[in-house]
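Participant: Listed below, chain by chain, are the residues.
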Amino acid sequence: MQFDPFVIPFNIGLYFILIYAVVRSVRWFTDLSRPDKLRLQRGFFGKAFGQSIKEIFMESLIHRKILKSNFRLGYMHMSLAFGWFLLILFGTIEADFFGEKHLNPPYKAIFFKFFNPDHGRYGFEAAYSFWMDLILAFILSGLLLAVIKRFSSGVVGMKKTTKLKPLDRIALTSLWLIFPSRLLAESFTSGAYGTGSFLTGPLGSALALFLPAQQMAYPFWWLYSLSLGTFFILLPLTRYMHIPTELFLIFARNSGISTGDQAGAFTEMQTYSCSSCGMCIDACQLNFSAGITSIQGAYLLKGIRNNENVSEIAFNCLMCGRCDFKCPVGIELTPIRMIRRRTGETEPVKTTIWKKYLPDRHGLAPAKANGKTSYSFLPREKPVKADVIYFAGCMTHLTPAIKNSMVKILDAAGVNFNFIDSSGGVCCGRPLMLAGQDREARELINFNSQLIWKSGAHTLVTSCPICYKVFRESYYLDVEVLHHSQYIKMLIDDGSLKLNFLRKKVAYHTPCDLGRGSGVYDEPKDVLSHVARLQKTNFEDENSLCCGGSLGNMKISFHDRNKIARDAAAELTRGNPDMLATSCPLCKKTLAAATGTHVADLAEIVAEAIAPSVSKKNINDPLIRIREPQRVI
Amino acid sequence: MEKFGFTLLKERHINYDANDRSIAEYIDSREPSFRLCIECGCCAATCTTGNYTHFSLRELQIFLKRGENDLVRENIKKCMLCGKCILVCPRGVNTRNVVMLAREAFQKNVKNAV
Numbered sequence: 000m001q002f003d004p005f006v007i008p009f010n011i012g013l014y015f016i017l018i019y020a021v022v023r024s025v026r027w028f029t030d031l032s033r034p035d036k037l038r039l040q041r042g043f044f045g046k047a048f049g050q051s052i053k054e055i056f057m058e059s060l061i062h063r064k065i066l067k068s069n070f071r072l073g074y075m076h077m078s079l080a081f082g083w084f085l086l087i088l089f090g091t092i093e094a095d096f097f098g099e100k101h102l103n104p105p106y107k108a109i110f111f112k113f114f115n116p117d118h119g120r121y122g123f124e125a126a127y128s129f130w131m132d133l134i135l136a137f138i139l140s141g142l143l144l145a146v147i148k149r150f151s152s153g154v155v156g157m158k159k160t161t162k163l164k165p166l167d168r169i170a171l172t173s174l175w176l177i178f179p180s181r182l183l184a185e186s187f188t189s190g191a192y193g194t195g196s197f198l199t200g201p202l203g204s205a206l207a208l209f210l211p212a213q214q215m216a217y218p219f220w221w222l223y224s225l226s227l228g229t230f231f232i233l234l235p236l237t238r239y240m241h242i243p244t245e246l247f248l249i250f251a252r253n254s255g256i257s258t259g260d261q262a263g264a265f266t267e268m269q270t271y272s273c274s275s276c277g278m279c280i281d282a283c284q285l286n287f288s289a290g291i292t293s294i295q296g297a298y299l300l301k302g303i304r305n306n307e308n309v310s311e312i313a314f315n316c317l318m319c320g321r322c323d324f325k326c327p328v329g330i331e332l333t334p335i336r337m338i339r340r341r342t343g344e345t346e347p348v349k350t351t352i353w354k355k356y357l358p359d360r361h362g363l364a365p366a367k368a369n370g371k372t373s374y375s376f377l378p379r380e381k382p383v384k385a386d387v388i389y390f391a392g393c394m395t396h397l398t399p400a401i402k403n404s405m406v407k408i409l410d411a412a413g414v415n416f417n418f419i420d421s422s423g424g425v426c427c428g429r430p431l432m433l434a435g436q437d438r439e440a441r442e443l444i445n446f447n448s449q450l451i452w453k454s455g456a457h458t459l460v461t462s463c464p465i466c467y468k469v470f471r472e473s474y475y476l477d478v479e480v481l482h483h484s485q486y487i488k489m490l491i492d493d494g495s496l497k498l499n500f501l502r503k504k505v506a507y508h509t510p511c512d513l514g515r516g517s518g519v520y521d522e523p524k525d526v527l528s529h530v531a532r533l534q535k536t537n538f539e540d541e542n543s544l545c546c547g548g549s550l551g552n553m554k555i556s557f558h559d560r561n562k563i564a565r566d567a568a569a570e571l572t573r574g575n576p577d578m579l580a581t582s583c584p585l586c587k588k589t590l591a592a593a594t595g596t597h598v599a600d601l602a603e604i605v606a607e608a609i610a611p612s613v614s615k616k617n618i619n620d621p622l623i624r625i626r627e628p629q630r631v632i
Numbered sequence: 000m001e002k003f004g005f006t007l008l009k010e011r012h013i014n015y016d017a018n019d020r021s022i023a024e025y026i027d028s029r030e031p032s033f034r035l036c037i038e039c040g041c042c043a044a045t046c047t048t049g050n051y052t053h054f055s056l057r058e059l060q061i062f063l064k065r066g067e068n069d070l071v072r073e074n075i076k077k078c079m080l081c082g083k084c085i086l087v088c089p090r091g092v093n094t095r096n097v098v099m100l101a102r103e104a105f106q107k108n109v110k111n112a113v
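Respectively, the protein sequence lines represent chains V and F. First residue of the first sequence? That's 0 in numbering that gives the first Met the number 0, and the numbers climb one at a time after it. First residue of the second sequence? That's 0 in numbering that gives the first Met the number 0, and the numbers climb one at a time after it.
Accuracy of the hints is not assured; some may be wrong.
Covered stretches of chain V (chain F as the covering partner; in silico rule of three or more C-beta atoms under 8 angstroms from a C-beta of chain F) [as the list claims (entries may be wrong)]:
hint	region
1	374-381
2	388-399
Derived EDC-like pairs (lysine to aspartate or glutamate); straight-line CA-CA distance at most 20 angstroms [said to hold, decoys possible]:
hint	chain 1	residue 1	chain 2	residue 2
3	F	K107	V	D437
4	F	K107	V	D492
5	V	K554	F	E24
6	F	K9	F	E24
7	F	K76	V	E539
8	F	K76	V	E344
9	F	K107	V	E346
10	F	K77	V	D437
11	F	K77	V	E442
12	F	K76	V	D437
13	F	K77	V	E311
14	V	K46	V	D35
15	V	K407	V	D437
16	V	K407	V	E346
17	V	K453	V	D386
18	F	K107	V	D35
19	F	K107	F	E67
20	V	K554	F	E10
21	V	K554	V	E541
22	V	K554	F	D27
23	F	K9	F	E38
These are calculated hints, taken from the structure and not from any lab test. Backbone N, C-alpha and C define an ideal beta-carbon position, used for all residues, glycine too.
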């Protein structure tokens, strides 16, 4: 037998999706900016190629990242993706070796059993059928988990699973139907011919006992082909578009393309690469502390895909970046959210189903410009020349203990510094950027930049991670920007700061903008372990919690903020530390209100530990004595 | 009206019939905590902008609620959204969002007029 009409739906679907994937890929490539195109070309014919292939195998098929964090969920994804891949691969080999001729059309491999019902009785053929049955069983076990997960997500260790649109449901059903219908079709055929291995064989002969196997097989082959065809045709409209997109995304990312601050082809690729697996929902503190379950990354991307007005979702986020590190596809959710914040409100667009297959490019509305400057009242200050300038930041001015401690530390280390905003400076601009108002932020950035340039300093120390992040990323400065934890570590390392050891247990909370936002994890801990006993918490480094006070969220209520802060504080103080340390004034302020444990900034702890200078020279030097009062212990 | 020799100063009139409270209602419907303000002035006391120029969120909230929008329209742009006011607010008003929504409302109004 060479052909049967039932393969037509499958063929239509397959060729459609192949052509579609090529068209979309070409469109993405042409939409990339010129440097990005060059990067991709270089990446494709260079070292990045091997890396990408490896990543596709490890992440898209094996789902290593999900397996690591949640074995059952990872197994579910792996069995479906890797199992299906194996089924296609070995099916093709099977059709090539055991079929009538070599180089068959794809349908011969997929429906091999139908065209070769007598295959697999003895010897090597039987062993091969066993292997094929094993793969099918592997997929079916994952499918069983998937079905259970849809009704009770706790089974695979997920607290929440994503809500679906009607089209997603149809596609999901057709996906679910593919493998059971294959099982039944193969079983009936095996039952009729007395072939089949451990799965299809016994099931086939059992069914053949009370059903006419020969006649029953044919409808199930039709069902198998139809569900495959439906799935392929619907794929571009649903979340399953992530399957082809992810491959392209991995190549693009490994070639060195990143989101940046403009919407474009790469953002669009990331939008379509989201499989709505729900890992971001589980990672989100708004979900597990405050019970807000409609704003997570998966929903943001879904909203963007459907041309909805996502401004409400975009602004209701702490921007803590936990989801970025949890996303198994590696989608940069926080930068995408920032882009949407800049776009602001958009009109929801109604599109036809045909339009959805080739959607409009996700363009950006031009920046809202109203010509007038908002901050013309800012004075033209004349800065004092100094080697090191200390920028406390707005939040530090609300927690004077931190800035006083910093002044004490810098004095004790004998640093020639200038406290640039000692009388309350201008905001660094990041809060405005987080609110999507870049033009206004630029004005503040220009003001502060001039102040810093004119001071002629070579080092800028700041106490606030929010300021630290924006100084590093959005300012064009030729000074070294350091967070105070880094600077204190430097002072300790070069011996200019002598510290006592405090007999205290300290738990350290990594602020979002310092840790995940800027990659400073170790310096604060090194400093702390220098002066106190550092206690481990369950939320270290990339997994650290947000205190809830984040300026990123514009919408969250006071009540919900408190819930997050209390939960975070309770988790961090689980080991009953004497003190909860952090290195962000905002975290300090938020956590202090949420826990009975004493919360202190790293600078305060270090200032407390400063050893009184004992050398004769210092005691005789009146200047130093004024600067550094002797502590009576 | 009887003349007692006393008059109300013109600038002390609040004419709720003539004033446009749509901006306040726009904010109120989207940020309910706007209602909680007791006009204590903590926000104005800690304000980064208030350090440099005459800017008081307390004042602006009062004017918004009265519907006297002209002064607010001029001044609301001065805010740097630094967020200190949220932390000091004893009533838990989401002040940053109030400012954002006020800006948004004025921008939309301008669009409608054009």
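Participant: Each hint needs a verdict: does it hold in this structure or not?
Facilitator: These are the hints, each one checked on the structure:
Coverage of a stretch by a chain is defined here by at least three residues with a beta carbon nearer than 8 angstroms to that chain's beta carbons; for the region 374-381 of chain V and chain F the count is 4, and the condition holds. Coverage of the region 388-399 of chain V by chain F holds. Counting CB-CB distances below 8 angstroms, 4 residues qualify, and the rule asks for three or more. This hinted pair checks out: K107 (chain F) and D437 (chain V) have alpha carbons roughly 19 angstroms apart, not beyond 20 angstroms. Our distance criterion of 20 angstroms between C-alpha atoms is broken by K107 (chain F) and D492 (chain V), whose separation comes to about 56 angstroms.
Pair hint K554 (chain V) plus E24 (chain F) holds up; C-alpha atoms about 17 angstroms apart against a cutoff of 20 angstroms. Restraint check for K9 (chain F) and E24 (chain F): not satisfied, since their Cα atoms lie roughly 26 angstroms apart, outside the 20 angstroms limit. Our distance criterion of 20 angstroms between C-alpha atoms is broken by K76 (chain F) and E539 (chain V), whose separation comes to about 39 angstroms. Note on K76 (chain F) and E344 (chain V): the hinted pairing holds, with a Cα-Cα distance of about 19 angstroms set against a maximum of 20 angstroms.
A distance of roughly 13 angstroms separates the Cα atoms of K107 (chain F) and E346 (chain V); the hinted pair therefore holds under the 20 angstroms criterion. At roughly 14 angstroms between alpha-carbon atoms, K77 (chain F) and D437 (chain V) fall within 20 angstroms of each other, so this suggested pair holds. Of the pairs offered as hints, the one joining K77 (chain F) and E442 (chain V) holds, with about 11 angstroms between alpha carbons and a cut-off of 20 angstroms not exceeded. Annotation: proposed proximity of K76 (chain F) to D437 (chain V) holds, straight-line Cα distance about 13 angstroms (limit 20 angstroms).
Straight-line distance between C-alpha atoms of K77 (chain F) and E311 (chain V) comes to about 24 angstroms, which puts the hinted pair past the 20 angstroms bound. Restraint check for K46 (chain V) and D35 (chain V): satisfied, since their Cα atoms lie roughly 16 angstroms apart, inside the 20 angstroms limit. The straight-line distance between the Cα atoms of K407 (chain V) and D437 (chain V) is roughly 36 angstroms, outside the 20 angstroms bound, and the hint therefore fails. The straight-line distance between the Cα atoms of K407 (chain V) and E346 (chain V) is roughly 54 angstroms, outside the 20 angstroms bound, and the hint therefore fails.
Using a Cα cut-off of 20 angstroms, the hinted pair K453 (chain V) and D386 (chain V) holds, with the two alpha carbons roughly 12 angstroms apart. Straight-line distance between C-alpha atoms of K107 (chain F) and D35 (chain V) comes to about 37 angstroms, which puts the hinted pair past the 20 angstroms bound. Proposed proximity of K107 (chain F) and E67 (chain F) is supported: the alpha carbons are some 17 angstroms apart, at most 20 angstroms. Proposed proximity of K554 (chain V) and E10 (chain F) is contradicted: the alpha carbons are some 35 angstroms apart, above 20 angstroms.
Proposed proximity of K554 (chain V) and E541 (chain V) is contradicted: the alpha carbons are some 25 angstroms apart, above 20 angstroms. Proximity of K554 (chain V) to D27 (chain F) is assessed by CA-CA distance (about 13 angstroms); at most 20 angstroms being required, the pair is judged to hold. For the hint pairing K9 (chain F) with E38 (chain F), the CA-to-CA distance comes to about 24 angstroms; that exceeds 20 angstroms, so the pair is violated.
Violated hints, in rising order: 4, 6, 7, 13, 15, 16, 18, 20, 21, 23; the structure is consistent with all others.
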